[in-house]
Amino acid sequence: MVNPILLIVIPLGLAFVVPLFRFISKKIEKFIPFFALLANLIISLTLFPHVLEKPIHVSIGGFLPPLGINLVAGPLGILFAMLIALVGFLVSIYAFAYIKEKDQEKYHILYLLLLTGATGVVLTGDIFNLFVFFEILCISSYSLVAYFGDKPGIESAVKYLIQGAVGSSLVLIGIGLLYGQFGTLNMADIASNIHSVHSISVFIPLVLLITGFGVEAAIFPLNAWLPDAHSSAPSSISAILSGIAIEVGLYAIVRVVFTLFGASSILTFLLFLGVITLLIGELCAFNQENIKRMLAYSSIGQIGLIVFALSIGSLSGINGGLFQLVSHTLSKALLFLAAGYMIFRSGSMNISSFEGMGKKMPYTSFAFTIGAFSIVGLPPFIGFPGKFMILKAALFEQDILFTILVFLILLATIIEGAYFFRVVQTIYFKGEKSTPGQEREIAPLSVLIPVFIFVGLIVVIGIYPKLITEILESSASELLNRADYIKNILP
Amino acid sequence: MNLSIILAIAFGGALLTYFSGKISKKARDVLAVLISLVIAVILAFFYNTSSREIFYTGFLDFPLILRIDTFSWFFAFTIAVIGSFSIIFSLSYIRKKGNTDYYYTMMLLVIASMIGIILSGDLVSFYIFWEIMSWSTFLLISYNRGPAIAAGIKYIIMSVTGSVAMLVGIISLYSHYGTVIYTELSGLLYNASSGYTIFIFVLFFIALGIKNAIWPLHVWLPPAHSEAPSPFSAVLSGTLIKIGTYGIILLIYVIVKINVFLNLGEGIVSARYIIAVTGAITILIPTFIALLQDDAKRLLAWSTIAQAGYIILGIAYGTSESVASGMFHFFNHAIFKALLFMVVGAVEYRTNGVRDLNSLGGLIKKMPVTFVGGLIGICGLIGVPLTNGFVSKWLIYKTLIINNSPFLAFAALLGTWGTILYSYKLLHNMFLGQLPEKYEKLERAPFSMQLPIVILSLAIILFGILPGLPLKVINSIESGFGLEPLTINIWGITSDTGTINMLNLFVAVFLIGIMIWLIFKGSKKSAGIGQYDNYAAGTTVPKNKYHYSVDFYGPLHRMISPYLRDFIDDFYMSLARSIKNLGNGIRRIYTGDVGYYAIYIMLFLALLIFIQIKWKLW
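Taken in sequence, the protein lines are chains A and B. Read in the numbering used here, the first sequence has 273 at position 273, and its numbers run on one by one without any break. Read in the numbering used here, the second sequence has 77 at position 77, and its numbers run on one by one without any break.
Cβ-Cβ distance ranges computed for the label pairs, FRET-style:
#  : chain 1 : residue 1 : chain 2 : residue 2 : range
1  : A       : Leu467    : B       : Ile5      : 20 to 30 Å
2  : B       : Ile268    : A       : Leu467    : 52 to 62 Å
3  : A       : Leu467    : B       : Ile599    : 36 to 46 Å
4  : A       : Leu6      : B       : Arg145    : 51 to 61 Å
5  : A       : Phe31     : B       : Leu34     : 42 to 52 Å
6  : A       : Ser348    : B       : Pro147    : 18 to 28 Å
7  : A       : Leu6      : B       : Arg577    : 48 to 58 Å
8  : B       : Gly592    : A       : Pro444    : 33 to 43 Å
9  : B       : Gly195    : A       : Gly176    : 51 to 61 Å
10 : A       : Pro444    : B       : Ile599    : 37 to 47 Å
Restricting the straight-line Cα-Cα distance to at most 20 Å, the calculated cross-link-like pairs of lysine to aspartate or glutamate (DMTMM-like) are:
#  : chain 1 : residue 1 : chain 2 : residue 2
11 : A       : Lys26     : A       : Glu101
12 : A       : Lys466    : B       : Asp61
13 : A       : Lys54     : A       : Glu470
14 : B       : Lys580    : A       : Glu289
15 : B       : Lys22     : A       : Glu441
16 : B       : Lys97     : A       : Glu355
17 : A       : Lys430    : B       : Asp101
18 : B       : Lys365    : B       : Glu443
19 : B       : Lys97     : A       : Glu432
20 : B       : Lys96     : A       : Glu432
Hints were generated in silico from the structure; no laboratory data involved. Just so it is clear, CB atoms sit at the ideal spot from N, CA and C, and this is done for glycine as well.
Looking at chain A on its own, in the form it has when it is part of the complex (with noise of 0.2 Å):
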């Protein structure tokens, strides 16, 4: 069995190596991540069987929890690493073609410790190491915002700094609180003796982390750097942030809530948080005429979806949140790879320079619309199934609360399907008629690669979803069983 510490090696070694490669050859940096997130995919792969029978943990340095550090590889940390990986790997081979401007050296080094930060995050059992890793994550994410060196680029890179520094901060106040009270830093050990303090003291540290978390996670009303930085960064990087990142953020919420403090309490408003992060996430988008803002406010939409559906708190609820989960990573990395292409060519990011792509670019046109149906959750796309468990989990709860809350959602997406329908009229059907004669520009093979690998995946899980529904369920029942958790490290 190979140790799940690779998947954090590999990237992180190879990343302070990509400038020595250049002494070699100054084409083989750009090599570099595709390799490193290919091992990382394919490590994940041979740990994901193990990982189902058995989660897997290591001590760093041999020193056994509570003490030192420990990675803890179960389902629900493999699934985001694998997704990490696979939306990392296909985006590194988008990257041959897209980025070639500026040092693309630094974007590559930078490129690998975002992923090595979003990997470290979902397989530490360490709650200071998680900080360290969301900081990687974060840091260079702010540098990769403004990889362009324009003013937008820098201006939403120092804005997304400064919110996540104070994102930040609270989570460090929050680990310091809970490090006075327990004197350890082990998540498993912290969680094991969180009842047996005073309620409002654990409270504290809760809600810094959940607003410090919230910040990369985008929960309203912590989210004002996204469509800045979204819209601003480059495309691939876009899909990077949308994807992985928020993610990653919210596995941090996720964690910290039903791992480390067991809160169920929090739960409620957790569920009217995400309904208004949805609500404000898509009415924002209506109207918007920049497609990479339109596709940032859409992600806060769906990031809002995710939190509704993780805070019901059955199993089924954390099951179809999962699902959305994977489900919007690879829409809208799709969304952001596909529209990133045609900004480059058109030159402009509004949604009516998009007009006649249909024609111009047939192939990343028809990858658009498959991601935006899916988005929107039209079958037989991979968007579908995941409203649809979503929609089940809240309306087993048989309650008038949950039935009005699913109304106010359906509303989100209709609207989202409102203002994703018309970029694919804009594509399709606007503009003047072609004449024959009009060249085709196809954006050459390494951008449709990956962009179909992303619609391979979104309408063969769409069709049969029970392709990833095993290791949604034991990540689910690994989150709601925290005493299998702890007693899994803590014997």
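With chain A fixed as given, assemble chain B onto it according to the hints.
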């Protein structure tokens, strides 16, 4: 023969058509026609059989089921036949338009998903096919660009609104009864509280009513039907909106069951009357709006809404005659409305896209076959004896009058009166009257257009004289629903309250026809005069200066138009605008000033702590 094979052919064929178009255009055309015909032929063999099979088990925990019985056969077969005629009609219609591969693929996809909906044996597969139908229709409505874009977006937003409501209904049924299979759900609502039944009814009716264009959920239909390519308008009007009808029948007579439905509420406030009255309103308002239209396809679109009103009225009224009339009218409307859209499409094709009733005229000499098709089509629409529309309308009038619903009967009759007016306007302004000079050189419609027109015209006459053929099928559907079947024979209906026999009528009309012909034959022939050989105030009328069809029904138009503004549409548009404004307002939260953003974070934290200190929720 497996039901899943039909779906495999239908969906696989749609994809195959796209790729074959990349190789050869001829092969694609042949393939498209062939696939649609093969589906119809295979379905024909399922006549009078019933079977049920699980076709897919990969979707979550729901085994997806296909089933066929007389009820679904009747709908599926009609849809497949109308679909294949539309594809034949498309052969020359679509050739000039470009994006042909896309067109055929989407057309076949729409047909495939409609058949999927009809053959589904559980609500989840019903919903899946329903959504596939929605988005593929959306992509095809937008095909014509220009105004079609607005039509497409209106359609898909309404459609999504409906389908999310239906999804809640489906999942709610599942959460209550643990199943979504029709046969298992059937009758379970008998024990449910009437509040819950109404809740389910409302949710499903939002979806089904939007698809079926019941007033006030009809606003998507006029632009969508008029802006879509004409052969697709035939499919839309003839079959796609009938998916809504199918769903309503399924809901009332298969899932809820007739005995629960009739006991839902009392008297005027019962579900039965509310739906029937909605049906009556759907007949009245759109009929008169149709009268005001100057665009041939828009006129037909409004007419479709009105005719769908008859169907709903019949189905919801709940007597065995009315249900038979509703289903028979569905069948008839599929035929004659598809025919009429094809007639308008043929004219549109030859005149390069003219559908304005004020600028056409006199085409009878140029396109005689199309004219005859149009004539028979409007006869069916009006319900002239010896056409199929007569029998279904006769049934609905009869049952409404016998069961003491004079107002509903009056609405139905008034609707027919309006139908006569607008149908005549349609036929007259296109084919009769003076021929504008620019159309002097118009050719006949191509064979691939005339063929479906002729066949559908013959079908109208055939089922008008032999109404027993479809009524026999409808009868066996009705006995499946627990309604008393009608006593029928091949020529008509016999019962103690009223009898029609189309054979007698046919003979009578035939004899009278011969007599009239003989009288005219014997009398002196009138002189033929050229179109421009006329005078006013002692001087010749200049050519092309006047067009007599303009402002048809002018006084009537001026009289009724102030009352018939489509205020429902205005309402939806203002709703959309206010959502847009709301969105723009909310976006101001994100001021762009990072200072505010940092404050938001701290305020959020403060709020959480405040809630805890104040109420101790956690």
